[in-house]
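There are 2 protein chains.
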Amino acid sequence: MATVSTDRPLLGAIEAGGTKFVLATGTADGVIVSRHTIPTADPVSTMAAASDWFDAQPAIAALGIASFGPVELDRRAPLWGHILETPKPGWSNCDLAGHFMSDLGVPVGFDTDVNGAALGEFHLGAGRGTSGMAYVTVGTGIGGGVIVNGQIVHGAGHPEMGHIYPRRAADDHEFAGACPFHGDCLEGLSSGPAILSRWGKTLSDLPAEHEAHCRVAGYLAQLCHTLFASLAVERVILGGGVMKTPGLLARIQEATMNAGANYLPGRSRQSVVMPKLGENAGITGAFLLAEEARSI
Amino acid sequence: MATVSTDRPLLGAIEAGGTKFVLATGTADGVIVSRHTIPTADPVSTMAAASDWFDAQPAIAALGIASFGPVELDRRAPLWGHILETPKPGWSNCDLAGHFMSDLGVPVGFDTDVNGAALGEFHLGAGRGTSGMAYVTVGTGIGGGVIVNGQIVHGAGHPEMGHIYPRRAADDHEFAGACPFHGDCLEGLSSGPAILSRWGKTLSDLPAEHEAHCRVAGYLAQLCHTLFASLAVERVILGGGVMKTPGLLARIQEATMNAGANYLPGRSRQSVVMPKLGENAGITGAFLLAEEARSI
Numbered sequence: 001m002a003t004v005s006t007d008r009p010l011l012g013a014i015e016a017g018g019t020k021f022v023l024a025t026g027t028a029d030g031v032i033v034s035r036h037t038i039p040t041a042d043p044v045s046t047m048a049a050a051s052d053w054f055d056a057q058p059a060i061a062a063l064g065i066a067s068f069g070p071v072e073l074d075r076r077a078p079l080w081g082h083i084l085e086t087p088k089p090g091w092s093n094c095d096l097a098g099h100f101m102s103d104l105g106v107p108v109g110f111d112t113d114v115n116g117a118a119l120g121e122f123h124l125g126a127g128r129g130t131s132g133m134a135y136v137t138v139g140t141g142i143g144g145g146v147i148v149n150g151q152i153v154h155g156a157g158h159p160e161m162g163h164i165y166p167r168r169a170a171d172d173h174e175f176a177g178a179c180p181f182h183g184d185c186l187e188g189l190s191s192g193p194a195i196l197s198r199w200g201k202t203l204s205d206l207p208a209e210h211e212a213h214c215r216v217a218g219y220l221a222q223l224c225h226t227l228f229a230s231l232a233v234e235r236v237i238l239g240g241g242v243m244k245t246p247g248l249l250a251r252i253q254e255a256t257m258n259a260g261a262n263y264l265p266g267r268s269r270q271s272v273v274m275p276k277l278g279e280n281a282g283i284t285g286a287f288l289l290a291e292e293a294r295s296i
Numbered sequence: 001m002a003t004v005s006t007d008r009p010l011l012g013a014i015e016a017g018g019t020k021f022v023l024a025t026g027t028a029d030g031v032i033v034s035r036h037t038i039p040t041a042d043p044v045s046t047m048a049a050a051s052d053w054f055d056a057q058p059a060i061a062a063l064g065i066a067s068f069g070p071v072e073l074d075r076r077a078p079l080w081g082h083i084l085e086t087p088k089p090g091w092s093n094c095d096l097a098g099h100f101m102s103d104l105g106v107p108v109g110f111d112t113d114v115n116g117a118a119l120g121e122f123h124l125g126a127g128r129g130t131s132g133m134a135y136v137t138v139g140t141g142i143g144g145g146v147i148v149n150g151q152i153v154h155g156a157g158h159p160e161m162g163h164i165y166p167r168r169a170a171d172d173h174e175f176a177g178a179c180p181f182h183g184d185c186l187e188g189l190s191s192g193p194a195i196l197s198r199w200g201k202t203l204s205d206l207p208a209e210h211e212a213h214c215r216v217a218g219y220l221a222q223l224c225h226t227l228f229a230s231l232a233v234e235r236v237i238l239g240g241g242v243m244k245t246p247g248l249l250a251r252i253q254e255a256t257m258n259a260g261a262n263y264l265p266g267r268s269r270q271s272v273v274m275p276k277l278g279e280n281a282g283i284t285g286a287f288l289l290a291e292e293a294r295s296i
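Each protein sequence line maps, in turn, to chains A and B. The numbering used here applies: residue 1 is where the first sequence begins, and numbers increase by one. The numbering used here applies: residue 1 is where the second sequence begins, and numbers increase by one.
One chain only, chain A, in its complex shape (with noise of 0.2 Å):
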């Protein structure tokens, strides 16, 4: 077990995902000491052996967790800290933080796994330096977290980032799109899903001179676009299973590029880059979550 300094307390992460809640023990700066996983069950099962794993852990200071959503970021409500309605078995209306703080009797920083991850790049991974950034992970979905003035943005809800409409060019209009809501909205059209039921096979597997790279690449960098023209973030990071797929970024760097056309003022401060963290952004984060909750 690594050596923690008497100035920078222990601290609990829970990355909770809709298969499986990564536990932590570690440091603000973003120190693990101690990782665990375990599969998530139901509700009481999972939250229990959870307690359990941290019991069994030197005692913490704070916890911080973050969860898969829907989840409720407003620490006056009264559902603060709460799955909220979710399709997944058993899980809505789970009052996560609440079993926690008391069950573990310390304070609980809250928030959305992509807001988690996005405050973890944003400290200790990516956007290191920026004064905005956004964080988005393109995968099963399409879901993103944005820091400015150096906090997370909530807002109304939370950002969502994979339900903007993209343009299509003018010979793409084949595809009706894979999101039951909107159709043809980002995720519907970038996310894995919907480039497997599009192409029938993932990004990765489809030959590099594919149309599908170039277009999935379009979609993308009309997002990372717009971010920049509407909230002038000055770094885009561009995580999940998607983005693993060789030359994708650089192809959405060079769609950015053109679609800017060299005007906004801030282009020279802006781009789009992967995460540094990795599979662990979001357990950093839930550290900073857990750092911040100290202070409440």
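Some hints could be false.
[Unchecked claim] Just so you have them, the derived chain B footprint on chain A, three or more residues with Cβ under 8 Å:
(1) 137-149
(2) 152-161
(3) 165-173
(4) 216-226
[Unchecked claim] Pulled a few chain A residues facing chain B out of the computed Cβ check, cut under 10 Å:
(5) Leu84
(6) Ala134
(7) Cys179
(8) Gly183
(9) Leu186
(10) Ala229
(11) Ala259
(12) Gly260
(13) Tyr263
(14) Pro265
(15) Gly266
(16) Gln270
Keep in mind the hints are simulated off the structure, nothing from the lab. Just so you know, even glycine gets a beta-carbon here, dropped at the ideal spot from N, CA and C.
Following the hints, complete the assembly by docking chain B onto the known chain A.
Frame of chain A, contents of chain B only:
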């Protein structure tokens, strides 16, 4: 002249526009004590005339400037408070903030005209009580400001808003757009000059059944949807000359609702509205910039 209570110091405000400078004294609660307008001539004589006017008023504790752009907003940058490269003759590199700071000997707050208006609407107008909002003006151009967690968003440069690419309907491909940089970006499709160049009349002068109304409402609704979906702002405030078109706001509200398809988690808290401060938004925001500058 209105009575000024002693606990609210008198502040100065300048709304620096391309055709006129609005000068005012008043307080941080938006009360205008005295107001004066001068035409925008060359920088030297315009700034001298403004200084003369302030010299003839009771002493102010600080000055706020909401300026036409492009401007440098980073207080750590050498060109902070300057007008940057502009086609407006003589104004490139004009040190607007520095002039008044040394001439009037008071702290100066400085931001863009639209950020000033956004700040005014946020604290004293249609954005009151929201956690985050965007103010967008639709006129000669399309520009906007964003407030998140109570603060103006600067980022790299500042939000532009006008240069995102709205999707166009399948039967809407005849007009190439009026933006010299991006063709049919939002500004190239929905600004006053774009409407005039496409349909030969202002939107207000076109009959209610003319396709222009639905087209323009649809483009602007996509900006609203994008701001809701990507940033989760609670309110989008739409001002400017084009928005004075009867019925336009209602069409935009309906199209925004359709674009969202009843999906976004915070939708019950989100709305598209008109400004409340009218043409005083910018000058009111400038008082707030002055108030902020007092504590810098």
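Exercise. What are the numbers of the hints the structure violates, in ascending order?
Worked result: As far as the earlier hints go, not one is violated by this structure.
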